[in-house]
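Listed below, chain by chain, are the residues.
Number of protein chains: 2
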Amino acid sequence: MSVVQKGGAAVASASRRQFLKAGLAGGAVAAASTVAGGALAAGDPLITEIQDWNRYPGDGVDAFPYGKPSQFESEVVRRNVPWLTSDSISSINFTPLHELDGIITPNGLCFERHHAGIAVVDPQQHRLMINGLVDTPLVFTMADLMRFPRENRVYFLECAANSGMEWRGSQLNGCQFTHGMVHCVMYTGVPLKYLLEEAGVKTSAKWIMPEGADASAMTRSIPLEKALEDCLVAFKMNGEALRPEQGYPLRLVVPGWEGNMWIKWLRRIEVGDEPWHQREETSKYTDLLANGKARRFTWVMDVKSVITNPSPQAPIKYKRGRTVLTGLAWSGNGTIKRVDVTLDGGRNWVTARLDGPSLSKSLHRFYYEFDWDGSELFLQSRAIDEAGFVQPTKDELRAARGDNSIYHNNGIQTWHVNPDGVIENVEIS
Amino acid sequence: MSVVQKGGAAVASASRRQFLKAGLAGGAVAAASTVAGGALAAGDPLITEIQDWNRYPGDGVDAFPYGKPSQFESEVVRRNVPWLTSDSISSINFTPLHELDGIITPNGLCFERHHAGIAVVDPQQHRLMINGLVDTPLVFTMADLMRFPRENRVYFLECAANSGMEWRGSQLNGCQFTHGMVHCVMYTGVPLKYLLEEAGVKTSAKWIMPEGADASAMTRSIPLEKALEDCLVAFKMNGEALRPEQGYPLRLVVPGWEGNMWIKWLRRIEVGDEPWHQREETSKYTDLLANGKARRFTWVMDVKSVITNPSPQAPIKYKRGRTVLTGLAWSGNGTIKRVDVTLDGGRNWVTARLDGPSLSKSLHRFYYEFDWDGSELFLQSRAIDEAGFVQPTKDELRAARGDNSIYHNNGIQTWHVNPDGVIENVEIS
Numbered sequence: 002m003s004v005v006q007k008g009g010a011a012v013a014s015a016s017r018r019q020f021l022k023a024g025l026a027g028g029a030v031a032a033a034s035t036v037a038g039g040a041l042a043a044g045d046p047l048i049t050e051i052q053d054w055n056r057y058p059g060d061g062v063d064a065f066p067y068g069k070p071s072q073f074e075s076e077v078v079r080r081n082v083p084w085l086t087s088d089s090i091s092s093i094n095f096t097p098l099h100e101l102d103g104i105i106t107p108n109g110l111c112f113e114r115h116h117a118g119i120a121v122v123d124p125q126q127h128r129l130m131i132n133g134l135v136d137t138p139l140v141f142t143m144a145d146l147m148r149f150p151r152e153n154r155v156y157f158l159e160c161a162a163n164s165g166m167e168w169r170g171s172q173l174n175g176c177q178f179t180h181g182m183v184h185c186v187m188y189t190g191v192p193l194k195y196l197l198e199e200a201g202v203k204t205s206a207k208w209i210m211p212e213g214a215d216a217s218a219m220t221r222s223i224p225l226e227k228a229l230e231d232c233l234v235a236f237k238m239n240g241e242a243l244r245p246e247q248g249y250p251l252r253l254v255v256p257g258w259e260g261n262m263w264i265k266w267l268r269r270i271e272v273g274d275e276p277w278h279q280r281e282e283t284s285k286y287t288d289l290l291a292n293g294k295a296r297r298f299t300w301v302m303d304v305k306s307v308i309t310n311p312s313p314q315a316p317i318k319y320k321r322g323r324t325v326l327t328g329l330a331w332s333g334n335g336t337i338k339r340v341d342v343t344l345d346g347g348r349n350w351v352t353a354r355l356d357g358p359s360l361s362k363s364l365h366r367f368y369y370e371f372d373w374d375g376s377e378l379f380l381q382s383r384a385i386d387e388a389g390f391v392q393p394t395k396d397e398l399r400a401a402r403g404d405n406s407i408y409h410n411n412g413i414q415t416w417h418v419n420p421d422g423v424i425e426n427v428e429i430s
Numbered sequence: 002m003s004v005v006q007k008g009g010a011a012v013a014s015a016s017r018r019q020f021l022k023a024g025l026a027g028g029a030v031a032a033a034s035t036v037a038g039g040a041l042a043a044g045d046p047l048i049t050e051i052q053d054w055n056r057y058p059g060d061g062v063d064a065f066p067y068g069k070p071s072q073f074e075s076e077v078v079r080r081n082v083p084w085l086t087s088d089s090i091s092s093i094n095f096t097p098l099h100e101l102d103g104i105i106t107p108n109g110l111c112f113e114r115h116h117a118g119i120a121v122v123d124p125q126q127h128r129l130m131i132n133g134l135v136d137t138p139l140v141f142t143m144a145d146l147m148r149f150p151r152e153n154r155v156y157f158l159e160c161a162a163n164s165g166m167e168w169r170g171s172q173l174n175g176c177q178f179t180h181g182m183v184h185c186v187m188y189t190g191v192p193l194k195y196l197l198e199e200a201g202v203k204t205s206a207k208w209i210m211p212e213g214a215d216a217s218a219m220t221r222s223i224p225l226e227k228a229l230e231d232c233l234v235a236f237k238m239n240g241e242a243l244r245p246e247q248g249y250p251l252r253l254v255v256p257g258w259e260g261n262m263w264i265k266w267l268r269r270i271e272v273g274d275e276p277w278h279q280r281e282e283t284s285k286y287t288d289l290l291a292n293g294k295a296r297r298f299t300w301v302m303d304v305k306s307v308i309t310n311p312s313p314q315a316p317i318k319y320k321r322g323r324t325v326l327t328g329l330a331w332s333g334n335g336t337i338k339r340v341d342v343t344l345d346g347g348r349n350w351v352t353a354r355l356d357g358p359s360l361s362k363s364l365h366r367f368y369y370e371f372d373w374d375g376s377e378l379f380l381q382s383r384a385i386d387e388a389g390f391v392q393p394t395k396d397e398l399r400a401a402r403g404d405n406s407i408y409h410n411n412g413i414q415t416w417h418v419n420p421d422g423v424i425e426n427v428e429i430s
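Residue numbers (the working numbering), protein chains in the order written: chain A, 2 to 430; chain B, 2 to 430.
Read the hints as simulated data drawn from the structure, not as lab findings.
What you are looking at is a predicted structure, and each value in this text was computed from that prediction instead of being measured.
Check each hint, because a few of them may be wrong.
Where chains are identical, the list cannot tell them apart; a pair therefore holds if satisfied intra-copy or between any two copies.
No farther apart than 20 Å at their CA atoms in a straight line, the calculated lysine to any residue pairs in the SDA-like style are these [stated by the list, open to error]:
id, residue 1, residue 2
1, Lys194, Thr283
2, Lys338, Pro358
3, Lys194, Lys207
4, Lys285, Ala206
5, Lys203, Asn334
Input sequences plus hints: build the corresponding full structure.
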C-alpha cells in the first residue's frame, strides 16, 4: 500500500492565509491556473460575451408557488436498489450524501424505509390514541395536539441496517448506498411526556408501544424512561408538515435510537409493564451473533462517520493540488467531540475541522483540506463522541459480534483513490 | 379596548405539570373533552373502523426520487400580490410564515424577490470574476470554488421592504403578506475573505461591488470590512444546491444585512476605494425622511418579531381554553435575548419561551401558552436582541422617520382577535 501524506498536521496548525499561500506554492506551475482560479483570460467567451441569462428576463414570482430544484440538479435524487428487496413497498431508498453539504437534509432527499409503502393519511381523520396502563385513555385529533407546548430539535435519523451490507465486505460503490440510510432535519413536535402526563401513567407502567396507521401497522416496544426523556410526537420537519413518506401527519421521534422505532403515521401509544416482543424486535432488528444467539434491544445508534467527498460517486476532478475532503459524523450518545481522518489507511491520523452547529444527536460536518500529489490514497474517518466512544474498525466489530449481523455497523469506511481520481469502496487490514 | 389577561405571568412561572393541570381545571366541563383529547369514544368510526390507509399498501420507494409535500398541504405555498408591482418578473412572493414552525424554512417556500425574473444559469458555464483593486484579477469556475475551505451557517434573509406597507397603516391581512419577506436556511459556502485574499486586496481598497448574472445585473456597494468579516460565497442551502430563484449556482450571503445586497447569480466582485452609488442604493433601498432627505447605507436589519399563530390567516379554531401563541424573532445584530408578548395591546407584558437553537443572525422561535376565555385580544410581540436593541412601536418609528419610508419597518405588529376567533391586522395607539 502506497503512503501519501502531505504535511497534513502542519497545514492544520497553520493560519488560513498561510495555507492558501502554501497551496499555491505547492502546486506545479501548470496546475496553478486551475488551483485558485485562473488569471483573467481575455479571450474567454464566458467572460467577454453576454450570456442568455444576462440578456433575457426569466420567469416571474408566480411561476412556482412551491419551488423545486434547478434542472441542472436532476441527478441529485434518492436512489433505491431494486435487487435489495422483493418489493418496493417494503424497501429502502438512499439519501445522496455525496451531493449534500452542511448538516440539514432537504425534505425531498430524506431516505425512506417502508414496510407497506407510503400511507396517504387524511389529517382531518387522523387520531392518536393513548391507552393501556393510564388513568384516562385519550384520543387526540391533530388540532388537539396543536394545543400542547412544542419543541424544535435537530436530530439525525439512521436506519439500524445502514451500512449493513458492509459486514461481509465491500459491495456497493458509493456512500449514498453504504451510508445513505441517514438524514437530519429540524423536527417540531410535542414532547411525548406531556401527552402521557395528560393521560396519567400508572405507577406499574414501564414500557410504551407506539403503533403506525399504515398497512404494516408497525409496532415497537420502547422503555417508558426514554419516552419521558426526549421523545417527540412530531408534525413538522424543516419547518413544514412532515412529508407523506416520513409519516404525515404524525410520527414519533426517538432521538439517537434506530430509525425503525420512529413510528410513522403514529396512531396509538399503548402503555404497559413489559415489552411486547413484536415481529420487528424479534425476527428483525436484533443482531445475530456467531454463537447463534441474538443481541436484543440494541437501540442506540453508535458513534459513526463517513467521508462523503471524495467518494466513489464523487471522484476527484482535479488531478493535483488543493482538495477538500468532507464528511459527516454522528452519535446516538450526544454530540461529536472529534473526527480524525487518514489519507494512508490509518498509518497517520490528523484531526479534521468540525464546522457548523454542534447539536446533540444531530449530524456534524467535518472538513480536511490537503494538497494531493496524485498518488493513491486510502481515505478513512474515525469519530469520537462526547461520551468518549471511538468508532471501531470493521475487523474489531466482527471480532466482537461475528459476521452474521446486518444491523448496527458503525465501522470505519475506506475509500481507495486511484491516481486518476477514480474511487472505490475497499477494505484494508 | 377590552382587556384580556388570564394570569399569564403565573402560568409562565408554574411547572409544566402544573400548567397542564391548570389548563384542564380552567376549562369549562363542556370544553374539557376537546381541550386535551377526548376520553375514548366507543362508537367513533375513526377509532373503531379500519381506514383505507391501514388496509391497503401505498406507493413504493421508487415513486418519488425527489419528494414533495402531502396532497393535503397544497395550500401551503408562496403567494404573490399581483397589484403590488407592474410585472411578476420584478416582484415578490411571500413565505407562508403562518403555516411553518421551528426556524428552518424549507427551500420550496423561501420568499423570492426578482428584478428580472428567475435566471436559469448553467453551472458549467458560470464564472466568478474578482477584479478592481487587487494584485491579481481572478476568474473562478464552480469547481475552483469547491477547492476552498467551506463554512455552514444558519442565517435569516429579510428584504428591506418587509412590512413596508405597514408604515401608513394596516393594509394586508396576514403575516405571510405583512412579514413574509423573510426566510432562514443553513448556507454552505466559501468565506469571501479567502477569495479576496487569493486575489490580494490592495491597501487602498475600502469597498466591494458584487454583481449578478441575471438580466437585471444587480449591483450593490458593500464595505470591505463586512466582506472580510462574515460574508459567504454560497452554493448550497439546507444541504442541497441553491434553488434557481435563490441565485443558483452562486449567491452572496451578507449576514444580518438587507436581502437586496445578497447578490444572486453572483458573477463578479469588483474591489474599489469608494461606493459606486448604483441605482439600487440611490433611487431604491434608501429611506426617505419627512424633511425630504434620505437615509442611505441602512444595511442592518433591525431587531424584529411577529406572532405567526394566531394570526389573520390562522384564526383560533377552539373558542375556549388552551391556546398556543407562537412567532418568530430576529436581529441583524446577533442573537435574540428575549421576546415579550402581550394579549391586551401592551397593558401587560409577559416573557415568551424561546425554543430551539439560538444562532447569531438567525430566526428564533418563541411560544406562549395561555388559556383563552373567548374575550377579544390584542396580540403583540416585542423582541430584544443581544446588543440590547428593543423593537419599537410603529408610532415611535414614524416619529423618528416620518411616514414616507418603505424600508426597514421593524415596528411592533398588532393582531386583533375577535370572540369568534377571527383575526385582523389592526393598529392601536
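Hint check:
no. : hint              : verdict
1   : Lys194 <-> Thr283 : neither (27 Å within a copy, 55 Å between copies)
2   : Lys338 <-> Pro358 : both (12 Å within a copy, 19 Å between copies)
3   : Lys194 <-> Lys207 : within (14 Å within a copy, 56 Å between copies)
4   : Lys285 <-> Ala206 : neither (25 Å within a copy, 65 Å between copies)
5   : Lys203 <-> Asn334 : neither (29 Å within a copy, 49 Å between copies)
The structure does not agree with the numbered hints 1, 4 and 5 stated previously, though it agrees with the rest.
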